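> So the chains spell out like this:
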Amino acid sequence: MKILCCVKRVPAPGAKINVTADGQDVDAAHLGFTTSPHEECAVEGAVQLIEEHGGEVTVLTLGTGDAEEQLRYAVSVGATHGVLVEADTNQWDPQRTAQAITAAIRELEGDEPFDLIMFGNESADAGGFQVGIRTAMALGRPIVQGIKGVEISDDTITARREIDGGFEVYELPRPAVLGIKEGLNLPRYPTMKGRLASKKVELNSITASAAEGGQARVKLHRPEETVSETVILGTGAEAAAAVVDVLDELGVL
Amino acid sequence: MLLVILEHENGQLVEAAREALTFGRVLAEKMGEDLEAALIGRDDDDLVEAAGQYGAETVHTATHDLLTDYGPDAYGSVIAQMVESLDPDAVLSCGSDRGNEFMANAAARLDAPFVANCTDANPGDTWEMTRVQWGGSLLEDATLTADVPLLTCGLHAVAAEIGDEEDADAEEFDVDLDESVTITMVKDRVVQEAGVTLPTAPVVVGGGRGVGSEDGFGQLEELAALLGGRVGCSRAVTNLGWRPHADQVGQTGTRIAPEIYIASGISGAIQHWVGAMASKHILAINTDKEANMVTKADWAVIGDLHEVIPAIIAEVQSRKG
Numbered sequence: 007m008k009i010l011c012c013v014k015r016v017p018a019p020g021a022k023i024n025v026t027a028d029g030q031d032v033d034a035a036h037l038g039f040t041t042s043p044h045e046e047c048a049v050e051g052a053v054q055l056i057e058e059h060g061g062e063v064t065v066l067t068l069g070t071g072d073a074e075e076q077l078r079y080a081v082s083v084g085a086t087h088g089v090l091v092e093a094d095t096n097q098w099d100p101q102r103t104a105q106a107i108t109a110a111i112r113e114l115e116g117d118e119p120f121d122l123i124m125f126g127n128e129s130a131d132a133g134g135f136q137v138g139i140r141t142a143m144a145l146g147r148p149i150v151q152g153i154k155g156v157e158i159s160d161d162t163i164t165a166r167r168e169i170d171g172g173f174e175v176y177e178l179p180r181p182a183v184l185g186i187k188e189g190l191n192l193p194r195y196p197t198m199k200g201r202l203a204s205k206k207v208e209l210n211s212i213t214a215s216a217a218e219g220g221q222a223r224v225k226l227h228r229p230e231e232t233v234s235e236t237v238i239l240g241t242g243a244e245a246a247a248a249v250v251d252v253l254d255e256l257g258v259l
Numbered sequence: 309m310l311l312v313i314l315e316h317e318n319g320q321l322v323e324a325a326r327e328a329l330t331f332g333r334v335l336a337e338k339m340g341e342d343l344e345a346a347l348i349g350r351d352d353d354d355l356v357e358a359a360g361q362y363g364a365e366t367v368h369t370a371t372h373d374l375l376t377d378y379g380p381d382a383y384g385s386v387i388a389q390m391v392e393s394l395d396p397d398a399v400l401s402c403g404s405d406r407g408n409e410f411m412a413n414a415a416a417r418l419d420a421p422f423v424a425n426c427t428d429a430n431p432g433d434t435w436e437m438t439r440v441q442w443g444g445s446l447l448e449d450a451t452l453t454a455d456v457p458l459l460t461c462g463l464h465a466v467a468a469e470i471g472d473e474e475d476a477d478a479e480e481f482d483v484d485l486d487e488s489v490t491i492t493m494v495k496d497r498v499v500q501e502a503g504v505t506l507p508t509a510p511v512v513v514g515g516g517r518g519v520g521s522e523d524g525f526g527q528l529e530e531l532a533a534l535l536g537g538r539v540g541c542s543r544a545v546t547n548l549g550w551r552p553h554a555d556q557v558g559q560t561g562t563r564i565a566p567e568i569y570i571a572s573g574i575s576g577a578i579q580h581w582v583g584a585m586a587s588k589h590i591l592a593i594n595t596d597k598e599a600n601m602v603t604k605a606d607w608a609v610i611g612d613l614h615e616v617i618p619a620i621i622a623e624v625q626s627r628k629g
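Order-wise, the sequence lines are chains A and B. Under our numbering, the first residue of the first sequence carries the number 7, and numbering increases by one thereafter. Under our numbering, the first residue of the second sequence carries the number 309, and numbering increases by one thereafter.
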């Protein structure tokens, strides 16, 4: 079985996210970088599927050379190959990104399609909610989003999507595409053997070219802070009466 | 005309659809256009009437033998056909999981741009939008150049509000579908829990790393049950395997909007905050009075949650008799 996971390199923020002076990007001067969380689960899910069924996992990212770090990380947790679709930034608009990824997938596949392609439901940073959908539809394959459970049989991919109070089941013919959400699994940590493999692996590089779409960034900014005068109701167990007064006032008792 | 695509479930408009109609009412006024709505797979009078309460003048209803359940291709296909034959000036839906999915599907069919999760939209030759990034930790000002702008409004970007009540007319929309749209349709549904759920709970009792262990959540469960609420948790907790991912409140989990969120032992990292910020009120319980969650809360109790929560439980029980 051949599985492709498309991932994005994003900053790993803590308590606050700052923006660069020109408003064009997150100020990552003091931040590490990571794989967008939904996609980290997609990679883990893909590795579990080939552990069960045999096969190979290819991980693809579109961006600058720095994004090799995320490809190598994916190999350290079990992916087989890494492909960098080289672009001048990680911030292409969604239509352009999808067009470039579609072209790269066609080049990688030749006439042997991936049995399953996984995207994150949305990227942690830009959150455009569409690159996977546009790519799948350009490739003429079915896609469903929000997936937290995947099983593969000979000709069917069964996918579960969480809804309020339960889940929905989808059954797609192979080959298909899924938009994965965090919660599919708990991603593993790299092993020593994995780390060594990730250092040695030869990454494939494809030059991206695609036309700009209709959405363009003007600037990023922080939302107005919700200034809240916190009322301290008390310390320790003694505060319980004051807490219950509040609950009573709100009518939730 | 601004066309709002309505998400519905169990014969009711979902809350996010009501938010989209509210957002759409303001947008239609800025555009100087009428507000109309679309129902896919249903044509019930009470759904049409509900859309009218939020200001929709006409509701286009698309029913078809193949529209038996939700599916992104079914919805995307109907929306693309509506764009072609109703000739709207823009199309809006809600930034829910489904809303973003079917709008992106329609956009791909139309080879048109789609802007997800807007908090503001200003029409013009080039539209100017503000949209959610990082789950709401950042906002992006963006421009949109499109023949027919397609957009969703961010979840809880506005509160649903009835207004400009219209006696909406239902108009049947003739839709042309083939079997291919059923490939991505829901095949089965499994209900795991009935009753109050995390996104709809009036009270959420949240726990973070400060709860200390899987067992430590027992007290939070007890308090939540007493108040008719649900337990939520931070990403740290699901990563530790203490709670299932379905309980996670945050950017990669559930967006909650309860009457009150009781956040205990949660520092308030940005990933958690964006899932909790739509709560109407927040009460933080934390040993650290400088914690992000405490400074952003309406009320706080400084102390160990394992002392405070049992005391609250006892107090609630004694008042309830």
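Since the hints were made in silico from the structure, they are not lab data. The structure presented is a predicted model; accordingly, all values stated were derived computationally and were not measured. Check each hint, because a few of them may be wrong.
To be verified - Simulated crosslink set (DSBU-like; lysine-lysine; CA at most 30 Å straight-line): (1) B:K604 to A:K225; (2) B:K588 to A:K22; (3) B:K338 to B:K588; (4) A:K225 to B:K338; (5) B:K628 to A:K22; (6) A:K8 to A:K205; (7) A:K8 to A:K225; (8) A:K22 to A:K206; (9) B:K588 to B:K604; (10) A:K199 to A:K22; (11) B:K495 to A:K8; (12) A:K22 to B:K597; (13) B:K588 to B:K628.
> Now look at each hint and say whether the structure bears it out.
Hint-by-hint comparison with the structure:
no.	hint	verdict
1	B:K604 to A:K225	holds, 26 Å
2	B:K588 to A:K22	holds, 22 Å
3	B:K338 to B:K588	holds, 28 Å
4	A:K225 to B:K338	holds, 23 Å
5	B:K628 to A:K22	violated, 41 Å
6	A:K8 to A:K205	holds, 22 Å
7	A:K8 to A:K225	violated, 39 Å
8	A:K22 to A:K206	violated, 36 Å
9	B:K588 to B:K604	holds, 12 Å
10	A:K199 to A:K22	violated, 35 Å
11	B:K495 to A:K8	holds, 25 Å
12	A:K22 to B:K597	holds, 18 Å
13	B:K588 to B:K628	holds, 24 Å
Consistency with the previously given hints fails for numbers 5, 7, 8, 10, ordered from lowest to highest.
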